[in-house]
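Engineer: Going down the list, the protein sequences come from chains A and B.
Everything in the first sequence is counted per the working numbering, starting at 1 for the first residue and increasing by one.
Everything in the second sequence is counted per the working numbering, starting at 287 for the first residue and increasing by one.
Careful, some of the hints might be misleading.
Using C-beta positions, here's what the derived DEER-type ranges look like [as the list claims (entries may be wrong)]:
| no. | chain 1 | residue 1 | chain 2 | residue 2 | range |
| --- | --- | --- | --- | --- | --- |
| 1 | A | D40 | B | V558 | 37 to 43 angstroms |
| 2 | A | P198 | B | G557 | 36 to 42 angstroms |
| 3 | B | W354 | A | S64 | 41 to 47 angstroms |
| 4 | B | G557 | A | A171 | 21 to 27 angstroms |
| 5 | B | S466 | A | T175 | 30 to 36 angstroms |
| 6 | B | T538 | A | F111 | 36 to 42 angstroms |
| 7 | B | N540 | A | P174 | 39 to 45 angstroms |
| 8 | B | G476 | A | A112 | 40 to 46 angstroms |
| 9 | A | T175 | B | S347 | 52 to 58 angstroms |
Derived lysine-lysine pairs resembling DSS-like cross-links, with alpha carbons at most 25 angstroms apart [said to hold, decoys possible]:
| no. | chain 1 | residue 1 | chain 2 | residue 2 |
| --- | --- | --- | --- | --- |
| 10 | B | K378 | B | K478 |
| 11 | B | K294 | A | K108 |
| 12 | B | K478 | B | K294 |
| 13 | A | K76 | A | K248 |
| 14 | A | K3 | B | K478 |
| 15 | A | K273 | B | K378 |
| 16 | B | K570 | A | K108 |
| 17 | B | K288 | B | K570 |
| 18 | B | K432 | A | K248 |
| 19 | A | K136 | B | K508 |
| 20 | B | K572 | A | K108 |
| 21 | A | K108 | B | K288 |
| 22 | B | K378 | A | K3 |
| 23 | A | K76 | A | K148 |
| 24 | A | K136 | A | K148 |
| 25 | B | K288 | B | K572 |
| 26 | B | K432 | B | K508 |
Derived from the structure by calculation, the hints contain no laboratory data.
We put the CB at the ideal spot given by N, CA and C, even for glycine.
Each chain, letter by letter, is given below.
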Amino acid sequence: MDKTLSRFLRIALYVILVGTALMFILPVYVMVVNSLKPLDEIRSGNLMSLPMEWTLAPWRSAWSTAQIGVQATGLKPYFVNSFLLVIPAVVLSTLIGALNGYILTQFKMRFAHALFAAMLFSVFIPFQIVLIPMAKTLGFLGLAGTVKGLIFVNVVYGIGFTTLFFRNYYAAFPTELIRSARMDGANFFGVLLRILLPNSAPIIVVTVIWQFTNIWNEFLFGASFSDYTSFPLTVALNNLVSSSTGVKEYNVHFAGAFIAAIPTLIVYLVSGKYFVRGLMAGSVKG
Amino acid sequence: MKAGFLPKLLIAPSALLVLVCVYGYIMFTIYLSFTASTLMPQYEWVGTANYVRLMGLENWSVALSNLWVFASLYIVIAMALGLTLAILIDQKVRAESGLRSVFLYPMALSFIVTGTAWKWLLDPGVGLEHTMQTLGWSNFTFGWIKDSDMAIYCVVIAAVWQTTGFVMAMFLAGLRGVDSEQINAARLDGAKSWQIYQRIIIPQLGPVFISAFVILAHMAIKSYDLVIALTNGGPGRSTWLPSVFMYQYTFTRNEMAVGAASSVLMLVAIGVVVLPYLYGEMRKVKNG
Numbered sequence: 001m002d003k004t005l006s007r008f009l010r011i012a013l014y015v016i017l018v019g020t021a022l023m024f025i026l027p028v029y030v031m032v033v034n035s036l037k038p039l040d041e042i043r044s045g046n047l048m049s050l051p052m053e054w055t056l057a058p059w060r061s062a063w064s065t066a067q068i069g070v071q072a073t074g075l076k077p078y079f080v081n082s083f084l085l086v087i088p089a090v091v092l093s094t095l096i097g098a099l100n101g102y103i104l105t106q107f108k109m110r111f112a113h114a115l116f117a118a119m120l121f122s123v124f125i126p127f128q129i130v131l132i133p134m135a136k137t138l139g140f141l142g143l144a145g146t147v148k149g150l151i152f153v154n155v156v157y158g159i160g161f162t163t164l165f166f167r168n169y170y171a172a173f174p175t176e177l178i179r180s181a182r183m184d185g186a187n188f189f190g191v192l193l194r195i196l197l198p199n200s201a202p203i204i205v206v207t208v209i210w211q212f213t214n215i216w217n218e219f220l221f222g223a224s225f226s227d228y229t230s231f232p233l234t235v236a237l238n239n240l241v242s243s244s245t246g247v248k249e250y251n252v253h254f255a256g257a258f259i260a261a262i263p264t265l266i267v268y269l270v271s272g273k274y275f276v277r278g279l280m281a282g283s284v285k286g
Numbered sequence: 287m288k289a290g291f292l293p294k295l296l297i298a299p300s301a302l303l304v305l306v307c308v309y310g311y312i313m314f315t316i317y318l319s320f321t322a323s324t325l326m327p328q329y330e331w332v333g334t335a336n337y338v339r340l341m342g343l344e345n346w347s348v349a350l351s352n353l354w355v356f357a358s359l360y361i362v363i364a365m366a367l368g369l370t371l372a373i374l375i376d377q378k379v380r381a382e383s384g385l386r387s388v389f390l391y392p393m394a395l396s397f398i399v400t401g402t403a404w405k406w407l408l409d410p411g412v413g414l415e416h417t418m419q420t421l422g423w424s425n426f427t428f429g430w431i432k433d434s435d436m437a438i439y440c441v442v443i444a445a446v447w448q449t450t451g452f453v454m455a456m457f458l459a460g461l462r463g464v465d466s467e468q469i470n471a472a473r474l475d476g477a478k479s480w481q482i483y484q485r486i487i488i489p490q491l492g493p494v495f496i497s498a499f500v501i502l503a504h505m506a507i508k509s510y511d512l513v514i515a516l517t518n519g520g521p522g523r524s525t526w527l528p529s530v531f532m533y534q535y536t537f538t539r540n541e542m543a544v545g546a547a548s549s550v551l552m553l554v555a556i557g558v559v560v561l562p563y564l565y566g567e568m569r570k571v572k573n574g
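Turn these sequences into a full structure, and let the hints guide you.
Structural biologist: The following block contains the structure:
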């Protein structure tokens, strides 16, 4: 190929890639920059420019004083709710997934395939189809409008994902290791606790990232099954942004949106490689 | 090893939860869709009346046609962009991992955050339109989000932004898995890069196209959060999707049976897309 032409193509390639990358960064750039401006500067200036007057007031307001429900508490209590929800839900669903993956791959059982298929399909169902009976169940159990109820819901509908992840991982696990452990007299829990789990770091990381992101970002269950005391952060943010009457405080909304994004962005930055793997695993590429 | 009592006992709670809370609830919702339930569940059987009523509702046909527009554009654009980005990034570019990270990070965000960010970007009063005007293009207009004929395209934009990186990652994994011998042979025969992609690489990506399609299609049918945060279904009902319809009818309009019927149809739509795919995947699992 002609040398100038190939150089030209190379430059065009970079221009396209960098241009696209800038477009991908734009929304978060806009979010951050405008969360640091006074409101009148947003109205009179433009969204792309840096603040002329830097201020943290919108962040303080989004965090601790913005009107979200009946009370002007800011996002803080809901941020706490989300953590109170996410941590137990992630731990429980990951443990259940590991146990199921172990049982489904190491033991011959009738209906094991049918059970796995049933769990796999549950990953795809539109959750609208379970909203009404789940609302009744939570009411019956006295868990409606509580963080505990949300933990229950997220664990139940996370079982499919976590079982899928661990099942695929353990299916490829060297059987000699397990067999020799059995010869040495390891029982059911011995194999799981001393052989499988210590060698499961990669899949545990993937599962935890996947579940953390999914449950942190979850909205439909939160909107359906929680109340003012138990809203997760996504629901609180949506209330902050959509229900405010009077002057729209864009800068506070931007700050709020970024606050809601921080935990999963950190997870993404810290564990980017595993995050991608988690996404791929979630796409049922077995 | 044959499962003894303990493994069976320990998998039983999961099996029970999935059978009850997934399949039992599905049956319950299907049953409700044949009853006269309004504010609360009722158990008086009314046959297919709710489905007949659903089909006749303009809100439902609007939601369906919106879904059609949204899903087809979203799937086609996200796949085309994802594949293009994957091919571009596959040209041994510098800073590949940095670029990949940038394209992928939106996937880490909640649809509520994405919706909020794009809501203001697309808002003519403060967003792109306003920005371009303050920069001097006083005739620049971009008011799609306030225009009931165009608002659904705003949902497409935000959804594409959120998932294109993921599709790119899938295609990139596929590209890297293509047999390199064939490519080298073709290169020796003097084939140009674009010919190699066109004739050898892309045809081998069939399974990735199918996976990406299934995932995007099921996400499109489930889409709810993004619409709520971005447009809340408006202006009017111009961005209603079946998911919005279901929530509205079940929880705010006290027509639970009609809402249930709409969710049954959502499940059927997803089943049509996902079940053949899962069937294929399960066969692969069984055949090891």
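Engineer: Evaluate each hint against the coordinates.
Structural biologist: Here is how each hint holds up against the structure:
{"no.": "1", "hint": "A:D40 with B:V558: 37 to 43 angstroms", "in the structure": "violated (52 angstroms)"}
{"no.": "2", "hint": "A:P198 with B:G557: 36 to 42 angstroms", "in the structure": "holds (40 angstroms)"}
{"no.": "3", "hint": "B:W354 with A:S64: 41 to 47 angstroms", "in the structure": "holds (44 angstroms)"}
{"no.": "4", "hint": "B:G557 with A:A171: 21 to 27 angstroms", "in the structure": "holds (26 angstroms)"}
{"no.": "5", "hint": "B:S466 with A:T175: 30 to 36 angstroms", "in the structure": "holds (31 angstroms)"}
{"no.": "6", "hint": "B:T538 with A:F111: 36 to 42 angstroms", "in the structure": "holds (41 angstroms)"}
{"no.": "7", "hint": "B:N540 with A:P174: 39 to 45 angstroms", "in the structure": "violated (58 angstroms)"}
{"no.": "8", "hint": "B:G476 with A:A112: 40 to 46 angstroms", "in the structure": "violated (53 angstroms)"}
{"no.": "9", "hint": "A:T175 with B:S347: 52 to 58 angstroms", "in the structure": "holds (55 angstroms)"}
{"no.": "10", "hint": "B:K378 with B:K478", "in the structure": "holds (16 angstroms)"}
{"no.": "11", "hint": "B:K294 with A:K108", "in the structure": "holds (10 angstroms)"}
{"no.": "12", "hint": "B:K478 with B:K294", "in the structure": "violated (58 angstroms)"}
{"no.": "13", "hint": "A:K76 with A:K248", "in the structure": "holds (20 angstroms)"}
{"no.": "14", "hint": "A:K3 with B:K478", "in the structure": "holds (15 angstroms)"}
{"no.": "15", "hint": "A:K273 with B:K378", "in the structure": "holds (19 angstroms)"}
{"no.": "16", "hint": "B:K570 with A:K108", "in the structure": "holds (18 angstroms)"}
{"no.": "17", "hint": "B:K288 with B:K570", "in the structure": "holds (23 angstroms)"}
{"no.": "18", "hint": "B:K432 with A:K248", "in the structure": "holds (16 angstroms)"}
{"no.": "19", "hint": "A:K136 with B:K508", "in the structure": "holds (22 angstroms)"}
{"no.": "20", "hint": "B:K572 with A:K108", "in the structure": "holds (13 angstroms)"}
{"no.": "21", "hint": "A:K108 with B:K288", "in the structure": "holds (5 angstroms)"}
{"no.": "22", "hint": "B:K378 with A:K3", "in the structure": "holds (18 angstroms)"}
{"no.": "23", "hint": "A:K76 with A:K148", "in the structure": "holds (19 angstroms)"}
{"no.": "24", "hint": "A:K136 with A:K148", "in the structure": "holds (15 angstroms)"}
{"no.": "25", "hint": "B:K288 with B:K572", "in the structure": "holds (17 angstroms)"}
{"no.": "26", "hint": "B:K432 with B:K508", "in the structure": "holds (24 angstroms)"}
Hint check: violations occur at hints 1, 7, 8, 12; the rest are consistent with the structure.
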